[in-house]
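Can you build the whole structure from these sequences, using the hints too?
Residue numbers (the UniProt record's numbering), protein chains in the order written: chain D, 1 to 302; chain Y, 1 to 439; chain G, 1 to 282.
Some clues are possibly wrong.
Said to hold, decoys possible - Between beta-carbon pairs, the in silico distance windows are:
1) Leu11(G) with Val290(D): 37 to 45 Å
2) Ser51(Y) with Asp225(G): 52 to 60 Å
3) Arg17(D) with Pro195(G): 35 to 43 Å
4) Asp203(D) with Leu45(G): 54 to 62 Å
5) Tyr295(D) with Phe110(G): 36 to 44 Å
Treat the hints as calculated values from the structure; they're not laboratory data. None of these values were measured; they are calculated from a predicted model. Note that the Cβ used here is the ideal one computed from N, Cα and C, for glycine as well.
Take a look at the letters that make up each chain.
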Amino acid sequence: MRAFATNKMQTKRTIFRNRWLPYLLLAPQLAVTLVFFLWPAGQAVWQSFLREDAFGLKTTFVGLANYTRLFDSPEYLNALRVTLVFSVSTAALALLSALLLALALDRTIRTTRLYTTLLVWPYAVAPAVAGVLWWFMFNPTIGILPYLLEGLGYDWNHALNKGDAMALVIIAASWKQISYNFLFFVAGLQSIPASLREAAAIDGAGPVKRFFTITLPLLSPTTFFLLVVTVVYTMFDTFPVIDATTGGGPAQGTTILVYKVYDDGFIGLNLGSSAAQSVILMGIVIVLTVIQFRYVERRVTY
Amino acid sequence: MIKTLSTSVLALCATLGAAQAQTDINWWHAMGGELGAKLDEIVAAYNASQSDYRVIPTYKGSYAETMTAAIAAFRAGEQPDIVQVFEVGTGTMMAAKGAVYPVYQLMADMGEDFDPEGFLPAVVGYYTDTDGNMLSMPFNSSTPILYYNKDVFAKAGLDAETAPKTWGDVEAFSRKIMETGAAPCGFTTGWISWVQLENFSAWHNQPIGTLENGFGGLDTELTVNGPAQVKHWENLAKWQKDGTFQYGGPGGGADSAPKFYAQECAMYMNSSASRAGVIANAKDFEVGYGMLPYYDDVEGAPQNSIIGGATLWVLQGKPEEDYKGVADFFTYLSSAEVQADWHQFSGYLPITEAAYELGKEQGYYEANPGSDVAIKQITLNAPTANSKGLRFGNYVQIRAIIDEEFQRLLSGEVDAQGALDSLVKRGNDMIRDFQGANG
Amino acid sequence: MVENQRWLDVLAHLTLILGVAVVALPVYLAFVASTHDPSAFVSGLIPLLPGDAMGETYAAVLEGGVKSQMSVPILLMLKNSLIVALLIAFGKIVISILSAYAIVYFRFPFRQLAFWMIFITLMLPVEVRIVPTFKVVADLGLLNSYAGLSVPLIASATATFLFRQVFLTIPDELMEAARIDGAGPFRFFRDVLLPLSRTNIAALFVILFIYGWNQYLWPILVTTDEGFTTIVAGIKRMADVVDSEPLWNYIMATAVLAMMPPVLVVIAMQRLFVKGLVETEK
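If you want it as structure tokens, here you go:
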């Protein structure tokens, strides 16, 4: 086993030498990215310097006005704080519970497929329906969970209590990602040679010690992948969940940055401000990702 | 299955064959569920009734999604002829002068017989300019009314046939219902913004904003922090504390309906178009209907309530034959028979006098108690500048602000005056923003 | 199994059962809701046991009756969803595995730039760049086509990143051995990398298939021809009811049926999850 940390991007010691092949291999991916992503995203960046009506009939260049206004607004600063709480909690919950389930699954033999199917199943729930199911479960009048909590003496009301609302969106957002993380953890665990763990067991290492000395390091490439992907997920893909459960409320208690982007741009049609918010959000996540690649990836064993 | 498939394929081929001489009219809409099916039926009847035009209805998601789709398409030059837009998008559509083709102008340009006098002023008034010209074609309009649980009323010793008239009644009835244990809560409501602020103001003849509630221009400002609104919100907060009122959540207030259906709350305020749904879900009790409550010490109350819902906007940039077809289709759509059918099926308000009269002749309102409360309520008095409707830019965001400030009020963060003052201030910022982008 | 420790096995099963109970609860509720009459779920505490209306509901949905809330037969919608999901899943896997191969096994100018260019596609969901993206698709003439439905969604940083991680764990000795055997880049890719990435390809296929299957906003936006309606867009249309209560039983029944193809994919792909594929010493 060897771990090498580079501050440059990871690469192989032995490589193929070919002048044109790598570009050919990259071409399809880059073409799609350029046409359907970078070009529209570039327009979004340009849009962030404009003030424009929804139909694009009157356009004024306003420089950085859309940005400065954001940082003067207490609502935006609140959204930054809410995003931090939401993302850290969701990522932690979604990663830890998925890892736990994958480790448990790794010990089973005959029932593996059944458990895997049941655990990945929820990922296939249609998004238009998923929000409603959460509404059914947590509704203060008809939901089961508020009913159970009432029995325990807790009065659940996510429409007015910010803490309840935050708990609800964290649970709902993690739920979707647990299946995803679980599946890749399982795939990662399956690629760890059984011989290594057997050898450690023969040396007398208990299950906990084996996990930390063998399994976790060998799983680290997968874990790193899932960490980055989950953080990006919590920052970008969670607005449908929030839209369907709390609508960002109460009183903006669950309005995260991307929800504001969606709400101001897609629902409110304030394209300039929404574009400025996307640019800031992209900036934040790119910085976060670079940090993860530079500092967290050093601990990854390839 | 195979049989139905092949018949629909045949039908498709038949329509394709016939389509060659026809002009296609694209209509993007947001009607899901049974309303969507009914809409398809109306369009099919129109297509069968003549051979010059073929209207193609396309479902484009929720109201917000449909509007965004139309805007994205317009910017790419792929816009439909007709798009259905919810009432809070009216400000955006109206300001986009180069993008929309006002209905009155379209009808005049196409030489279509069009009588603006035949429409119900309380319905079309919301969508006219200050000169009384109709800008878009109302399609599904409704107004909030009061629903109550007759069984609970009887159990509490109240007269099951008498709906509360004033907010004083609502409070007194609720007390009695809760004291007798007939139900744990007095009332709940959908749409805090639409029902308990916008309609509340119109119903009490209080201005929602300056310049005739924004009809007079983009330079308008909100004025909903007047004494009547402050008093009402104060009461709502008080009633929520003592359990008389239960909050149903932001936006449409999705949590409020189950409270009424599960007999938790005895009274419920929401759209008149919910009537069919209320009846279907009120399994174990009988439903009574009433107009919205008012404060009898506010001068001018009750005035008339205002509508919500969506209208059909015609977009610019299409060939003349398309517009001829649109004009022809709109004439069909506003005919008394089609209107009466749609109104009676859906619970939405009829848009013409003729459709209302036809319903009366057919005996529809006698056979369906409660179905005319909404019409009576919007036509109670001739609309004033305060009760014609409202028109503000960025109103989707302002509705969200209303919800946020109401939530702050209920959680005790601010008092009613503070919440409404802050609402007005934040809302005005939104309006200025819109003015900047569109002015 | 490394050793026999009963308590660990019991604990593992308990964890999994609890996990399934929590994670699959919403799915179970969807099923329960599909077996009751439509008002059962909004008028009183929601039922936790299946009702007796299951037969009628599912029969009505399959016949396409359902007071026909959809103007398109359910089979056509399922077909469209299948095409879109397969195009997206295969498309993403193919273009990503190639680009990851280039990035890990070759050194060339702008390598890092290429990786980051791909990577930032993670950072803006379709919903927030919808207006410009729609314009691109319209300009390319891809409205109302399967290409327009799928190609804009196949740019994927996730998959490229995953393959990069997988390739980096593959021992260098394999490559050295292959080179000694005279294998070029194509043979090495086919004979070594592909088999070793099998488990992850299977996992990725499951996830991407479901991702494609569950798209609704993009399909609604770029098609105006009802012949392209996908099943999830159809469900959305049924549930998108203004001013009244949706017919939850039919909606949930359709949703349960719509879940079947993805579940079949999950089951099928598990054949590839065979333990100990990589037995080489690392």
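Each hint, compared with the structure:
Here the CB-CB span from Leu11(G) to Val290(D) is close to 39 Å, well matched to the stated 37 to 45 Å. At roughly 22 Å, the beta carbons of Ser51(Y) and Asp225(G) sit outside the given window of 52 to 60 Å. A beta carbon spacing of about 24 Å between Arg17(D) and Pro195(G) contradicts the range 35 to 43 Å that was offered as a hint. A hinted range of 54 to 62 Å for the beta carbons of Asp203(D) and Leu45(G) is consistent with their spacing of about 56 Å.
Distance hint check for Tyr295(D) and Phe110(G): the Cβ-Cβ separation is about 24 Å, which falls outside the suggested range of 36 to 44 Å.
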